[in-house]
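Given chain A's structure and the hints, the job is docking chain B onto it.
Residue numbers (our numbering), protein chains in the order written: chain A, 1 to 351; chain B, 1 to 351.
Be aware that one or more of the hints could be misleading.
Sample of chain A residues facing chain B (criterion: CB under 10 Å; computed from the structure) [claimed, not checked]: (1) T3; (2) S13; (3) D263; (4) N264; (5) W272; (6) H278; (7) L295; (8) T298; (9) E314; (10) F331.
For lysine to aspartate or glutamate, the following EDC-like pairs were computed, each having C-alpha atoms within a straight-line distance of at most 16 Å [stated by the list, open to error]: (11) A:K2 - B:E338; (12) B:K44 - B:E69; (13) B:K310 - A:D186; (14) A:K275 - A:D313; (15) B:K302 - A:E338; (16) B:K275 - A:D280; (17) B:K277 - A:D186; (18) B:K18 - B:E143; (19) B:K302 - A:D175; (20) B:K2 - B:D336; (21) B:K275 - A:D313; (22) A:K275 - B:E314; (23) A:K2 - B:D336; (24) B:K311 - A:E314; (25) A:K2 - B:E11; (26) B:K44 - B:E34; (27) B:K125 - B:E208; (28) B:K277 - A:D175; (29) A:K310 - B:D186; (30) B:K2 - A:E12; (31) B:K275 - A:E227; (32) A:K302 - B:D186; (33) B:K2 - A:D336; (34) B:K44 - B:E101; (35) A:K302 - B:D280; (36) B:K275 - B:E314; (37) B:K129 - B:E113; (38) A:K275 - B:D280; (39) B:K302 - A:D280; (40) A:K275 - B:D313.
For the record, the hints were derived by calculation from the structure and aren't laboratory data.
None of the values given here were measured: they were computed from a predicted structure.
By construction, the Cβ of each residue, glycine as well, lies at the ideal position given by its N, Cα and C atoms.
Number of protein chains: 2
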Amino acid sequence: MKTYNIFTNAEESLPEGKADFLLAASVTKTCEIEGITQAGIPGKIAYTPTLDAEFISTQKLFSMPEIAETPSGVPTPALITRAVHNLTPFSTIEILDLGLEISPEQTQLHTFEITPSESIATGAKIDAKEVFQKGMAFGKSYELKGNYLILAESTPSGTTTAAASALALGYECKDDFSSSFLHVPDSIKTKTLNAALSLIDKDMSNFEKLSIVSDNMLLFCAGFLVEASKRFHIVLAGGTQMAACLLIADALREDILMRIKHDNITLATTQWVAKDKHSDIAHLLSLLSYTPRALYTTFSFKNAEIPVLKKYDEGEAKEGVGAGASLAYAFSNGVDNEKILNEIELIMYTM
Amino acid sequence: MKTYNIFTNAEESLPEGKADFLLAASVTKTCEIEGITQAGIPGKIAYTPTLDAEFISTQKLFSMPEIAETPSGVPTPALITRAVHNLTPFSTIEILDLGLEISPEQTQLHTFEITPSESIATGAKIDAKEVFQKGMAFGKSYELKGNYLILAESTPSGTTTAAASALALGYECKDDFSSSFLHVPDSIKTKTLNAALSLIDKDMSNFEKLSIVSDNMLLFCAGFLVEASKRFHIVLAGGTQMAACLLIADALREDILMRIKHDNITLATTQWVAKDKHSDIAHLLSLLSYTPRALYTTFSFKNAEIPVLKKYDEGEAKEGVGAGASLAYAFSNGVDNEKILNEIELIMYTM
Numbered sequence: 001m002k003t004y005n006i007f008t009n010a011e012e013s014l015p016e017g018k019a020d021f022l023l024a025a026s027v028t029k030t031c032e033i034e035g036i037t038q039a040g041i042p043g044k045i046a047y048t049p050t051l052d053a054e055f056i057s058t059q060k061l062f063s064m065p066e067i068a069e070t071p072s073g074v075p076t077p078a079l080i081t082r083a084v085h086n087l088t089p090f091s092t093i094e095i096l097d098l099g100l101e102i103s104p105e106q107t108q109l110h111t112f113e114i115t116p117s118e119s120i121a122t123g124a125k126i127d128a129k130e131v132f133q134k135g136m137a138f139g140k141s142y143e144l145k146g147n148y149l150i151l152a153e154s155t156p157s158g159t160t161t162a163a164a165s166a167l168a169l170g171y172e173c174k175d176d177f178s179s180s181f182l183h184v185p186d187s188i189k190t191k192t193l194n195a196a197l198s199l200i201d202k203d204m205s206n207f208e209k210l211s212i213v214s215d216n217m218l219l220f221c222a223g224f225l226v227e228a229s230k231r232f233h234i235v236l237a238g239g240t241q242m243a244a245c246l247l248i249a250d251a252l253r254e255d256i257l258m259r260i261k262h263d264n265i266t267l268a269t270t271q272w273v274a275k276d277k278h279s280d281i282a283h284l285l286s287l288l289s290y291t292p293r294a295l296y297t298t299f300s301f302k303n304a305e306i307p308v309l310k311k312y313d314e315g316e317a318k319e320g321v322g323a324g325a326s327l328a329y330a331f332s333n334g335v336d337n338e339k340i341l342n343e344i345e346l347i348m349y350t351m
Numbered sequence: 001m002k003t004y005n006i007f008t009n010a011e012e013s014l015p016e017g018k019a020d021f022l023l024a025a026s027v028t029k030t031c032e033i034e035g036i037t038q039a040g041i042p043g044k045i046a047y048t049p050t051l052d053a054e055f056i057s058t059q060k061l062f063s064m065p066e067i068a069e070t071p072s073g074v075p076t077p078a079l080i081t082r083a084v085h086n087l088t089p090f091s092t093i094e095i096l097d098l099g100l101e102i103s104p105e106q107t108q109l110h111t112f113e114i115t116p117s118e119s120i121a122t123g124a125k126i127d128a129k130e131v132f133q134k135g136m137a138f139g140k141s142y143e144l145k146g147n148y149l150i151l152a153e154s155t156p157s158g159t160t161t162a163a164a165s166a167l168a169l170g171y172e173c174k175d176d177f178s179s180s181f182l183h184v185p186d187s188i189k190t191k192t193l194n195a196a197l198s199l200i201d202k203d204m205s206n207f208e209k210l211s212i213v214s215d216n217m218l219l220f221c222a223g224f225l226v227e228a229s230k231r232f233h234i235v236l237a238g239g240t241q242m243a244a245c246l247l248i249a250d251a252l253r254e255d256i257l258m259r260i261k262h263d264n265i266t267l268a269t270t271q272w273v274a275k276d277k278h279s280d281i282a283h284l285l286s287l288l289s290y291t292p293r294a295l296y297t298t299f300s301f302k303n304a305e306i307p308v309l310k311k312y313d314e315g316e317a318k319e320g321v322g323a324g325a326s327l328a329y330a331f332s333n334g335v336d337n338e339k340i341l342n343e344i345e346l347i348m349y350t351m
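Same shape as in the complex, but just chain A:
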């Protein structure tokens, strides 16, 4: 228990101009554990990143006729990202296939010969170093189209693998991770984490540990950040998963003898994550060896006509597919809450 000042709202902003939007789309078979995530259709969770990729790229779905939604009917945050693109377009939308089961159609797709990782409950079976290095190589070669880059993710059950990764690296952050659930299924998540952590021991190197408990999105993006942050500004689009990505890169600085150029990175998320009572992104970020730039947006569905959207304000879904960074991007380009809300509802009405 602590006491904090209420006056904590200092304004923070994104860089000016247009941004490239990259979606790191990945499947960890951890998502097949029943009840661990609600980011998608039960039994078909592995389709979620594919559908998210198709939807933000084309506003259509090819691999399955329905947009991914939670069992309570809350649609994927991809809707928010696409609505923003319609109002104030990104310079490009590109997809990174970091281990998808189903390849997305009609997208600008980058592939890296990465396959879905296994469930961390029995060991992810990743070559963490290799995936990290693939991220570094891409960070070195990626050609920026706009003024800066937004790096987003779609990885169902990714908060569980993120928590396992940070815990395996020795960070004290057991209660800090978010979830797509309003009522978080602590027992399933805790059991999975405990099973994963029982597979590692303290004599292993960081890369060895991460090969067992992490996911391809986290490792690739961590590597990407190390190289790309030398070259241009990156907005890391997400909540506690992206915070874990920074923690991984920070922990590995001794292993790779390189570190992120953190002045060139801004984490951007939603207020649903920043103000979540079941997680603590501020604490996660405080564990870094530097003070990162990080912001959240106050966008709300308070005035939504479509009732299910209000569930976001109550804590369902919260973040993903770059929703928070997209909202901040819209804001910095002069698009307000009302316009975004109208565009989201227009997309839903016409689907």
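Just chain B now, with coordinates in the frame of chain A:
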């Protein structure tokens, strides 16, 4: 829509030492409007401040056999305050009768010849100036026992009268007020506010407006703060109601040619208020002519054995009877979350 820095958690603390605890207990008949509050037993809401007073003073109830609770069974925040007193006692607990229907038994009671105010929907019928002056006089004469004073409140439907008061004084804060509900009954509250505001016009003086739309707790405490803040430190214990109290004192500075010594005041509340998505205490406080000291505590019922207590973490009840300030008081006296939780559950098991 705005974007804010996530790193906003600067630590803030209470003064050192023991505190006197004063409860400003009051009834506004606004609480009789069906569905406007859940701070008490339906049909008997006016008993709530009396029962809160008895309970924090004695850990017993005399005027009714059951402790006030919401219809969903969430017990009054008085439980939190009493648990803290058992663990790290206040120098004194005293009750201010600011218009109670039923006088509390076995308490140290101060009376001021103040009767319950009427419903603001048809006009509160208070002499605002007289009540304010009674508060000033008490602020001048009160003899401090400990090192500083905690001023708390129990006023069912008080967030509605607080909103009406601030709006009547011209503050732009329509969406800023909290509620004891998780799902706020906007329509009942809005109708009541509109009815109250239709009774005033802009030619009226501030005191005239407040006589129609305010409540005795707000007016008395605002007056008390003006005088008492010259003499000792006061922790204003509460959420948006106590923020409104500061706004009232600030707005009246031209009328009374005096102002609060704000360095001597700290508003203290719970994280359930500070992080509430349906209200905005930080915005309310930003409307003051000065930057106030204000803090919240991170106490949580996450590990509660009694399930109904967890509803606080979900947004029921939130604050009242000085719960937030009591938690901060416990924390500054070295009592942790676990000890408070255990004491609260012990009290509940033995009732």
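Results of checking the hints against the structure:
1. T3: holds, 5 Å
2. S13: holds, 6 Å
3. D263: violated, 15 Å
4. N264: For N264 (chain A), the interface hint is violated, since the closest Cβ of chain B sits about 17 Å away, which is over 10 Å.
5. W272: Holds, about 8 Å.
6. H278: holds, 8 Å
7. L295: holds, 5 Å
8. T298: With Cβ-Cβ at 5 Å, under 10 Å, it holds.
9. E314: holds, 8 Å
10. F331: Holds. Min distance 5 Å.
11. A:K2 - B:E338: holds, 13 Å
12. B:K44 - B:E69: holds, 11 Å
13. B:K310 - A:D186: holds, 14 Å
14. A:K275 - A:D313: OK: K275 (chain A) and D313 (chain A) at ~10 Å, within 16 Å.
15. B:K302 - A:E338: Not satisfied, since the Cα-Cα distance of roughly 35 Å exceeds 16 Å.
16. B:K275 - A:D280: holds, 12 Å
17. B:K277 - A:D186: violated, 23 Å
18. B:K18 - B:E143: holds, 14 Å
19. B:K302 - A:D175: holds, 10 Å
20. B:K2 - B:D336: Given pair K2 (chain B), D336 (chain B) is violated - Cα atoms ~35 Å apart, limit 16 Å.
21. B:K275 - A:D313: holds, 12 Å
22. A:K275 - B:E314: holds, 12 Å
23. A:K2 - B:D336: holds, 9 Å
24. B:K311 - A:E314: holds, 14 Å
25. A:K2 - B:E11: Holds. K2 (chain A) to E11 (chain B) sits at ~8 Å (cutoff 16 Å).
26. B:K44 - B:E34: holds, 11 Å
27. B:K125 - B:E208: holds, 10 Å
28. B:K277 - A:D175: Given pair K277 (chain B), D175 (chain A) is violated - Cα atoms ~21 Å apart, limit 16 Å.
29. A:K310 - B:D186: Holds - the C-alpha atoms of D186 (chain B) and K310 (chain A) are around 15 Å apart, at most 16 Å.
30. B:K2 - A:E12: Since the Cα atoms of K2 (chain B) and E12 (chain A) sit roughly 9 Å apart, the hinted pair holds (cutoff 16 Å).
31. B:K275 - A:E227: violated, 37 Å
32. A:K302 - B:D186: Cα-Cα ~12 Å, so holds.
33. B:K2 - A:D336: Roughly 9 Å between the alpha carbons, so the hint for K2 (chain B) and D336 (chain A) holds.
34. B:K44 - B:E101: holds, 11 Å
35. A:K302 - B:D280: holds, 14 Å
36. B:K275 - B:E314: Measuring from Cα to Cα gives roughly 11 Å; hence the hint holds.
37. B:K129 - B:E113: Cα-Cα ~14 Å, so holds.
38. A:K275 - B:D280: Judged against 16 Å, a Cα distance of about 12 Å means the pair holds.
39. B:K302 - A:D280: holds, 14 Å
40. A:K275 - B:D313: Holds, at roughly 12 Å.
Figure legend: structure checked against the earlier numbered hints; hints not met, in rising order: 3, 4, 15, 17, 20, 28 and 31.
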